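Undergrad: Construct all of the structure, not just a fragment, from the sequences and the given hints.
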Amino acid sequence: MISLTVNNSKINDIDTVLFDKDGTFIDLHYFWGKMTTMRCDEIIQTYSMPLSLHHELCLCLGYDTKTQKMLKDGITALYSRTKIIEIFRSDLKKYGVNATQQEIEKIFDHISSVFYKNMQTYTKPIDSAVEFFKTLAQYDIKLGIVTSDSVESTQLTLKHFGWEKYFGAVIGRESSAAHKESGIPAKMALEILQSNPTNTVMIGDAPMDYLAAKNADIKTTILVATGQIEREELQQYCSYSVNSLKEVYINK
Numbered sequence: 364m365i366s367l368t369v370n371n372s373k374i375n376d377i378d379t380v381l382f383d384k385d386g387t388f389i390d391l392h393y394f395w396g397k398m399t400t401m402r403c404d405e406i407i408q409t410y411s412m413p414l415s416l417h418h419e420l421c422l423c424l425g426y427d428t429k430t431q432k433m434l435k436d437g438i439t440a441l442y443s444r445t446k447i448i449e450i451f452r453s454d455l456k457k458y459g460v461n462a463t464q465q466e467i468e469k470i471f472d473h474i475s476s477v478f479y480k481n482m483q484t485y486t487k488p489i490d491s492a493v494e495f496f497k498t499l500a501q502y503d504i505k506l507g508i509v510t511s512d513s514v515e516s517t518q519l520t521l522k523h524f525g526w527e528k529y530f531g532a533v534i535g536r537e538s539s540a541a542h543k544e545s546g547i548p549a550k551m552a553l554e555i556l557q558s559n560p561t562n563t564v565m566i567g568d569a570p571m572d573y574l575a576a577k578n579a580d581i582k583t584t585i586l587v588a589t590g591q592i593e594r595e596e597l598q599q600y601c602s603y604s605v606n607s608l609k610e611v612y613i614n615k
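Using the numbering used here, read the sequence shown as starting at 364 and increasing by one per residue.
Simulated from the structure, these hints should not be mistaken for lab results.
All values reported here derive from a predicted model rather than from experimental measurement.
Treat the hints with care, as some may be off.
[Stated by the list, open to error] With a Cα cut of at most 20 Å, we get these calculated EDC-like pairs of lysine to aspartate or glutamate: (1) Lys432 x Glu593; (2) Lys446 x Asp436; (3) Lys446 x Asp472; (4) Lys456 x Asp404; (5) Lys432 x Glu595.
TA: Given below as structure tokens:
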């Protein structure tokens with residue numbers, strides 16, 4: 364087992380670390396920003412909408428093309444894909460587009476297919492996090508991923524960067540009908556890894572990661588401000604909040 368030092372406090376007896384993906388070790392602004400702009404390009408082309416609406420449509424999906432940042436209160440940050448499409452369809456009606464759920468799903472699926480064929484172009488790792496989980500692996504710490512993204516897209520990301528060997532469990536949105544915050548997906552990861560929650564740390568970039576850990580009886584959560592939420596806000600939920608995983612020290 365190892366200990367971790369965070370904000371001058373030591374977390375002892377750790378043998379398992381669960382990670383969120385987007386915003387934790389993948390740059391979500393770059394990843395979801397690219398995905399969103401491609402979706403809106405396709406929407407404009409499919410429904411013959413003016414190109415001038417591109418920025419507005421991206422805002423509807425929670426991405427500001429001017430700042431190149433995902434909005435922390437945008438629909439992509441807050442909801443599941445089904446709900447996102449439902450809300451987006453309603454927004455499209457304001458522009459005279461009456462699209463069905465199936466039509467938007469087909470467009471989203473097509474863009475996802477194109478996106479993942481060009482993974483290297485559209486996916487940017489957070490280097491400090493990658494270095495961190497590689498170091499944990501050197502100490503034989505069991506690693507897992509609990510994400511709201513799909514298992515398929517997560518596995519594609521891992522395969523592209525050669526990270527498959529590091530993670531013994533990958534739990535995504537199709538792994539369980541329960542939401543991530545319920546703690547059930549995290550419990551599933553612990554079961555696969557045969558790990559005890561009292562010897563586990565959850566690392567994520569949002570309050571939902573804290574709730575996921577808490578409801579899975581996981582001892583400790585570390586929140587990192589590499590996603591959409593600043594450290595000061597994260598500290599309202601979790602005292603172990605940092606700007607980067609460079610601020611978390613591994614002790615044998």
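Undergrad: Return the numbers of the hints above that this structure violates; sort them in rising order.
TA: none
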